[in-house]
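Novice: Residue numbers (this note's numbering), protein chains in the order written: chain A, 1 to 421; chain B, 1001 to 1155; chain C, 2001 to 2766.
Please keep in mind that the hints were generated in silico from the structure rather than gathered at the bench.
Any given hint could be a false lead.
[What the hints assert, rightly or not] DSS-like cross-link-like pairs, simulated, lysine-lysine; straight-line CA separation at most 30 Å: (1) B/Lys1074 with A/Lys324; (2) C/Lys2273 with C/Lys2602; (3) A/Lys324 with B/Lys1140; (4) C/Lys2128 with A/Lys381; (5) C/Lys2051 with A/Lys307; (6) B/Lys1099 with A/Lys421; (7) C/Lys2602 with A/Lys184; (8) B/Lys1074 with B/Lys1099; (9) B/Lys1074 with A/Lys184; (10) C/Lys2128 with A/Lys421.
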Amino acid sequence: MTAQVLFQNRHPDRIASIEEYCASGGYEALAAALGKFSRPQVQQLALDAVLLGRGGAGFPAGRKWMTVSENAPFPRYIVCNADEMEPGTFKDRVLIHTDPHQIIEGMIIVGYSILAEKGIVFIRSSYESAARILEREIARAKEAGFLGENILGSGFSMEITVHRSTGRYICGENTAQINAIEGKRANPVQPPPYPTEKGIWDLPTVTHNVETLACVPHILRHGPEWFRNLAATSTGAGTKLYCVSGRVKRPGCVELPMGIRLSRIIEDHAGGLPEGCQYKASLPGGASTRFLPKSFYDIEMDFDAMKTAGHRLGTGSIIVFDQKTCLVAATLNMIEFFARESCGWCTPCREGLPYVRDILARIEAGEGKEEFIPLLRRMSKYLCNSYCALAPGAASPVESLLTYFEDEVREHISQRRCPFK
Amino acid sequence: MIPDDLKNNLIEQIAAVDHPREKAMDVVFTLQDRFGYLSDELLEDAASLLGMTPLEVEEIATFYEFIYRKPVGKFVIHICDGVVCLMQEYPSILDYLRKKLDIDYGQTTADGRFTLLPTCCIGYCDRAPAMMINRKVYGKLTPERIDEILEGLER
Amino acid sequence: MPKLIIDGRKIEVDPGVKVIAAAEQAGIMIPRFCYHPALGSAGACRMCAVKFLEGPVHGIQMSCMVEARDGMMISSTDDEAVDFRRFIIELLMLNHPHDCPVCDEGGHCLLQDETISGGHAVRRYMGKKRTHRDQYLGELVQHEMNRCIQCYRCKRFYQDFCGYRDFGVMGIAGRTYFGRYSDGPLENPFSGNIIDICPTGVLTDKPARFKGRRWDFQRAPSLCIHCSLGCHTVVSARYRELIRVEARYCEAINGHFICDRGRFGFAFANHPKRPRQARIQGNSESYENALRIAADRLNSISRSAGPDAIACAASSRSSVETQFSLKFTARALGWQHPVFFMDRLQQDKVAAAVGRLNPDLAISLSDVEHADVILVLGADPIREAPMLALSMRQARRTGAKIAVLGPRPVSLPFDYTHWPMSPGDMDSALKKLLSTAFLETAEGLTETNIKPETAADSRKDPDAPEALAAMLQNSQRPVIVCGTDIVDLYLVTAAAELARYLHAENKRAGLFYVLPCANSSGAVIASAGGKSFSELLCSIENGNIKALLLVEMDPLYQFPDPERVKNALRTLELLIVMDYLPNRTIGYISETPSLSNPSALKQIIFPTLTLFETHAGFINQECRLQRSTPVHAGGMPLSQLTGGSHPPRQFPCDIPGADAKAAWQVLSDLEAAILSTPPAPGSFHELWSRIGSELGIENRAEIPDDLRIFPKNIQPEPGSAGSSPETAGNSQWNSLKADSCYGTEELSTYSPILGRAESALAKKAE
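Required output: the full structure, derived from the provided sequences and hints.
Specialist: In structure tokens form, the structure reads like this:
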């Protein structure tokens, strides 16, 4: 068993209590942040720990906090992005159901580092049980004096509220989420200004993924070097919650060193593929990443390594496809999803995705034509010139399908049917 | 009409924030939970409570997935049609529900109990195929389990 | 100043300018749908893609989303950029219906242009086109949602730019829908602009619907004369009928937009009852005969009762040409000096306002947008000068503080502080403000027009002066907006004084008057301290006046006591009316049988031309002289001749109803007939040389865009104001009914469409 940090208090059947969390060193980091460290030191620790945003973008967390200028206006906001809607991703749900207080503690520490007195957990409404857990545990943290007025006598005050999303994939995007919190349509807004300068109601706003926040207390407690050493690669840092689903024996969420090889995750920690199934491809970070064919089976699952190989780690949610699964159908499914969830702002996304869907549906239904292939290529290329990252994400499976599995697409066209049916 | 106790509660909630608009989705959600769906009348009431125009509430109500602007059944079944559930044969689960309830997507059973809708990946990929009923999640669905779940609701 | 190269052209632009705007400065029009100079960048349509070859940004990027920076080398014609834009067009055409033949936008449709220029001709997409239900948006704007390409311009204009909240965007993804919560009239008095800015045919001009193609129209740059701002328009006519008015860009005044009153209020020019032929006692007469008879009658009256028994009146809606030629004619023939205003107080207030403007203080409408503090004194922008409200909103959006003093609750689409005050209270507040807060400044100024005096406390809001003083003193670019309708004369002068003090404190202070009419400035300059109509009325009642010329002036509409006017008119021997409107005196005289007696009052009517049919100059409220260009020759609209049948069935050699001449021409002809001299050829230029010397400008056939005329010595005598007992008193302010949004301005009263729009809004407000 590898080092369990975020899952140190994981139980198969229950949520870790605040007492349990404290017994394992919980809220010590908060005390240290409020007492021992200065705010710049807290930021520097995160930077030194190379804590990269776990929501998929991989932006250095410490640097994000540093962009909130000292004389920025108040109140400032710290937002926990629990709007986990990337298909195949459920790590935040598992984390909240495992040990919620490390998220709360992380929010308070980050909040303190930028003097944010308003904390908001933005959570998808499908995670109603997680939302209730957080509401309950936030109240407990407040009772224990970790939240509210004058936290631990430091003079720093902060409240956290849980904001239920009314449901849209695009709400997971930082700027769209700010609009959603303000009670507006969740259209993304291209920076500048960045939300850390003008976010919620034009006030400084730092948004982090649930997992990123959960890492923060551990970094403060054990130091950046310890955190970096948790990783399996020199470029990575910390552990990572990898979700594995699809064609594996034991789907689930596991905490492993950042940068562990894909093959190890699948075989050692998800039980490998079921009998008679062979690995064909996987999506390493949800629906908005590229297919990894067998040639990448041993790739190191780390932001840098994936990038070097021309891929994206995304959320680290591995969906495994076997040789009997039709990747055209799978891609069509994902495009259906993206087309439905497009916010309707920009043309490539709003109009382009339904076009791609139409073509894929025809191919899958055996009505494909040769000329669809260059058409799809051109579209998946141009989808990348859209307003936000939704359409480029949607283009990833399509583009990689054509790159790695063109034969499979051609088979659909030449046989005038889906060969997997 | 919104009953006075609920109305006062909402007014209180709105008064507690700096920007009433922040509470728009909460108000709409609360009303919907109470009355089943956001009728025109409720939408207009919500708008006046929030100091918004009906158009402004409609702009957001029609944007988000879980606001119902048309009547729905007592139980809204959302079938996860994500890619992982696809691999776990969600279409057969959907077919089973369609036949059992005799409705298609977007429809409500004649007795007003069930509405069937698709939804994107609900993050229960480790327990696929999955569905939600009134935002409570059920995983590892089989026809037998669906029978059990629906019977459980009856009680 | 970033220097960059776009398509091989070097250009230097201000910091912060987007590449798309920089390209425009270099004369390169990058295709766009969502970007609009007034609305800014949205990044929605992705049509303005260009390729960044060198510099800080690389590859295909949207030129509306990237700021021009030093060292950029950009190509708008790069193959990849062109191909990407072609891709966007293909996407936009997936759902756009192929209904161009029946679409009013066809022929001036941005989407059509880009589709053609991008070469997209073959539909490859095999899916269905999505469809929407359209909404009834009122009488002015036609909705056709299927054509929408989701550029968000309408929503951004309607909500962000204007601040109205009943039209917006609903739905998501491919179902994104622009409209209202439910069917009903648009509540935004600037709603017509969404017709102009919609890049395709979703929002079209409803009254102009199906009346012609852009290329069918006679079009010309024109002016709006529905208030004193003088916004620029483009007017389209077809078959002798005015069809449509659009906004014309004017940097100094209206920017890209106009108000709905200005856009839809042109019906007076097509009015079925518009005088088309000369008439004597209600009977049609040739122009020459009418002219001869009028000259004879005037000559005989002049001989019997003296030339000063002949009075004449023009109005503030007349052109400069008309106002001044009447003045010249009256002077040449020894008639009474023409009157231009209904009452002395109104005239004095306008004179005070116009006389106080000078190059340091007078600001243009667009300058209001850059103010950081705006103080509105007794003006109601939406009703008196609608576009002013829009400019004030732009200032508010960038943080300006706005205070409105006045008795009426005004409706403005932004946050502001309202200080409810009667005109008297406003005077007191201003007196106190000037005498306390700006006392030192006032003492430092050598020449003051108003002596600071110890004022009584403002009755209702004793704190107002202090609050206003603090607001103004903390400002850098304060603007004082002052009305001339319900306020006292004192306030008009005090507004100027306040602006002068602020200017003396090294602030970029601006003074902005709202005047009653499109050419109030011209009228007051031409009037030069002459009498008002109410004084003239007394002379008529006293029997001193035998003949009256009403030149584009309708006292039965304008004078507060029309019955008195009717009685007075009855005592005249001769009433000559020159107008392009169905002047209410025409109807009154012809409908009164006892007056048809030839021995009694003789009425002679000469039809005149609107500004759409001739060159017509107007001086707006900041003393800017502007001139319209004729759109068409005029004449009876074909639709009225043929009852709307198409094509026309009658082919007469002359143009029916084209007897009308410009009022100044009629006056010139009348003067020649009276003096028995031949009419002077080329007289427009001659007229302008005379007007020019009156206005203190060179004789110019072409008026430059930025010509402002600040007349000297036209201020009223101190103490003269309001003393006249017959003034339609300002003391009745509290019984004033708030004006309606479109309908009470004289020209708009002839627009049935605006009337219907007004009553729809009123019904909604109930």
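Novice: Run through the hints listed earlier and report the numbers of any the structure violates, in increasing order.
Specialist: 1, 7
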